[in-house]
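Kindly produce the complete structure, drawing on both the sequences and the hints.
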Amino acid sequence: MTREEELHKGLSEAVVDMDEDLAKELAQAVVDEGFDAYEAIDKGLSAGMEEVGRLYEEEEYFIPELLLCSDAMYAGIEILKPHIKKREDAVRHTVVIGVVEGDTHDIGKNLVKIMLESAGFNVIDLGRDIPAVEFVKAAEEHHAEIIALATLMTTAMPAMREVLEVLEKEAKRGNFKVVVGGGPISPAFAEKIGADVYAVNAAEAARLARELVA
Amino acid sequence: MNDLSPKERLLRVLSNQTVDRAPVICPGGMMNSATVDVIEGLGLSFPKVHPDAEAMTRLSSAVEEKTGFENFGIPYCMTVEAEVLGSEIDFGTPVCEPKIAKERYASAADVEVRDVKQLVREGRVEAIARAGQTIAEKNPDVPVIGSLTGPISTAASIVDPMTFLKELRKDKTNAHRVLDYVTDFLVAYAGVLIESGFPVITIADPTATGEILGPKMFGDYAVPYINRLVDAIHGRGAKAIVHICGRLDSVKKHIPTLHGDAVSTDAMVNLKALKAETGIPVVMGNVSTFALQLQEPETIRKVTEKLVEDGIDIISPACGLSTKTPVGNIAAMTEVVKDR
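In order, the protein sequence lines correspond to chains A and B. First residue of the first sequence? That's 1 in my numbering, and the numbers climb one at a time after it. First residue of the second sequence? That's 215 in my numbering, and the numbers climb one at a time after it.
These are computed hints drawn from the structure, not numbers from a lab. A portion of the hints provided could be inaccurate.
Said to hold, decoys possible - Below, simulated BS3-like cross-link-like pairs (lysine-lysine); rule was C-alpha separation at most 30 Å, straight line: (1) B:K430 / B:K386; (2) B:K352 / B:K221; (3) B:K386 / B:K313; (4) B:K316 / A:K137; (5) A:K137 / B:K313; (6) B:K384 / A:K81; (7) A:K192 / B:K538; (8) B:K221 / B:K386; (9) B:K489 / B:K552; (10) A:K24 / B:K489; (11) B:K430 / B:K352; (12) B:K430 / A:K24; (13) A:K137 / B:K538; (14) B:K262 / A:K43; (15) A:K9 / B:K538; (16) A:K9 / B:K384; (17) B:K386 / B:K466; (18) B:K520 / B:K486; (19) B:K352 / A:K24; (20) B:K466 / B:K489; (21) B:K384 / A:K192; (22) B:K384 / B:K313; (23) A:K9 / B:K489; (24) B:K538 / A:K169; (25) B:K352 / B:K262; (26) B:K386 / A:K192; (27) B:K552 / A:K192; (28) B:K262 / B:K313; (29) B:K486 / B:K466; (30) A:K43 / A:K81; (31) A:K137 / A:K177; (32) A:K192 / A:K137; (33) B:K538 / B:K221; (34) B:K538 / A:K172; (35) A:K192 / A:K172; (36) B:K516 / B:K486.
Said to hold, decoys possible - Short, incomplete list of chain A residues facing chain B, as computed with Cβ under 10 Å: (37) Y61; (38) I63; (39) T155; (40) S186.
The C-beta atom is built at its ideal place from N, Cα and C for all residues, glycine as well.
See the structure below:
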């Protein structure tokens, strides 16, 4: 294993082990020793977060672990980001994400955002309790390809449907792919309201989003 | 058959004694049934009702009358505890329930412990106790249920919730210190309600789910503090219902360790199977609140009938009701249970 590979492995493990300090230390080592910052994010931190996503899907990790792992990832990214050489070739796909109107629970949405970012998306986070028209407006403004909608509350499910209705009414449905998810959402509900895909959790949301823009 | 009074029936079920039929109730709090339809024509309006004992008395009587639920349930939101403990509350609108605008503390280490005896004299606690007392005196046959926000959810509404969830792992000492404090306050608050004539307390702890915490933390944090609160409620001679949100798969082994007299669950849980698998004697639920809001009364009747046929001990909504739920749908649900 080369020194660079060692650092990638270390960064990945620091994320999985929720070790923010180690992630910072190794990210700094990448910078100091002159290795490529983008590679370190991709093969180190993101790879670690992918493993975290797997552990979450397997119910080894839950929300507190996921949050701590993402803190470690972000601590590393913070240090590496200024050193990324601009990649001309890479196409950045944009996702507009938010919690639908009537719901202020945003833990799930934040996790999806993290997973999407670590999967290479440009994520426009509208926040929580967002009216239907705001999603459509933001998606157009930012030239997004995907609109991601979340809710934890059954009572906010009609507000999720409303986003699809606005898209239909304004004849813009064909312009965007719509991903839905959250505690009470089911594949059947996603189909009923005309969403493109249902994601059962954050890791799957990122995976499906990549498929949608492939 | 309607031989027992609603209060006797509910208390008998919660003591695991035989009854003529299942009670059909809605505890208030997270499961608030003071909907837009119900409040109409009373000359009352949200958010003005929340701190007003006289208004709560009238509104809860209207809920019982119009929906057919066999109880009174107060308060109508989950922010009473957080308000007393210092968080900023957005009291909402006629159609939107109150929510936390800003948590009081950035992290668990910042939480200052105050005297809970003083705290129960603050905020809406007294108004809620007084409303319950008035209703209980006027309606001795109908149970008044006090709805509490559970320890983890209360803690996560006074400390930034994302930070608090992380601190359950990263700063266990302070996480436990905050939960101790919050639970002490909830015990004192429940005590005030019980003294005022609330025979049943419901604890809903939507942040403490298997899906959020996972089995280990649910066992380490949710179960012990909920149980401490339930034990205190029992110690004062009242009954306790514990509502657990979300899917139960990952935490099923912990369910029988809860000390509550009944376990209430969300709509995706098969209560009949849960009872069989865990051996818990009394389950409550779980008419989909999504169905209640959007389906026709006929569908609601079928869903409810299925629960009755499955021998579910207490019939109730599965989760928080939308304020726009048609009262006709709620009435359809309660009629089915009473007509059996």
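Hint by hint, here is what the structure shows:
| no. | hint | verdict |
| --- | --- | --- |
| 1 | B:K430 / B:K386 | 13 Å, holds |
| 2 | B:K352 / B:K221 | 13 Å, holds |
| 3 | B:K386 / B:K313 | 27 Å, holds |
| 4 | B:K316 / A:K137 | 27 Å, holds |
| 5 | A:K137 / B:K313 | 26 Å, holds |
| 6 | B:K384 / A:K81 | 26 Å, holds |
| 7 | A:K192 / B:K538 | 21 Å, holds |
| 8 | B:K221 / B:K386 | 41 Å, violated |
| 9 | B:K489 / B:K552 | 23 Å, holds |
| 10 | A:K24 / B:K489 | 49 Å, violated |
| 11 | B:K430 / B:K352 | 46 Å, violated |
| 12 | B:K430 / A:K24 | 28 Å, holds |
| 13 | A:K137 / B:K538 | 27 Å, holds |
| 14 | B:K262 / A:K43 | 55 Å, violated |
| 15 | A:K9 / B:K538 | 53 Å, violated |
| 16 | A:K9 / B:K384 | 23 Å, holds |
| 17 | B:K386 / B:K466 | 24 Å, holds |
| 18 | B:K520 / B:K486 | 10 Å, holds |
| 19 | B:K352 / A:K24 | 65 Å, violated |
| 20 | B:K466 / B:K489 | 11 Å, holds |
| 21 | B:K384 / A:K192 | 41 Å, violated |
| 22 | B:K384 / B:K313 | 27 Å, holds |
| 23 | A:K9 / B:K489 | 47 Å, violated |
| 24 | B:K538 / A:K169 | 23 Å, holds |
| 25 | B:K352 / B:K262 | 23 Å, holds |
| 26 | B:K386 / A:K192 | 43 Å, violated |
| 27 | B:K552 / A:K192 | 33 Å, violated |
| 28 | B:K262 / B:K313 | 15 Å, holds |
| 29 | B:K486 / B:K466 | 14 Å, holds |
| 30 | A:K43 / A:K81 | 14 Å, holds |
| 31 | A:K137 / A:K177 | 15 Å, holds |
| 32 | A:K192 / A:K137 | 23 Å, holds |
| 33 | B:K538 / B:K221 | 28 Å, holds |
| 34 | B:K538 / A:K172 | 29 Å, holds |
| 35 | A:K192 / A:K172 | 18 Å, holds |
| 36 | B:K516 / B:K486 | 16 Å, holds |
| 37 | Y61 | 7 Å, holds |
| 38 | I63 | 5 Å, holds |
| 39 | T155 | 4 Å, holds |
| 40 | S186 | 8 Å, holds |
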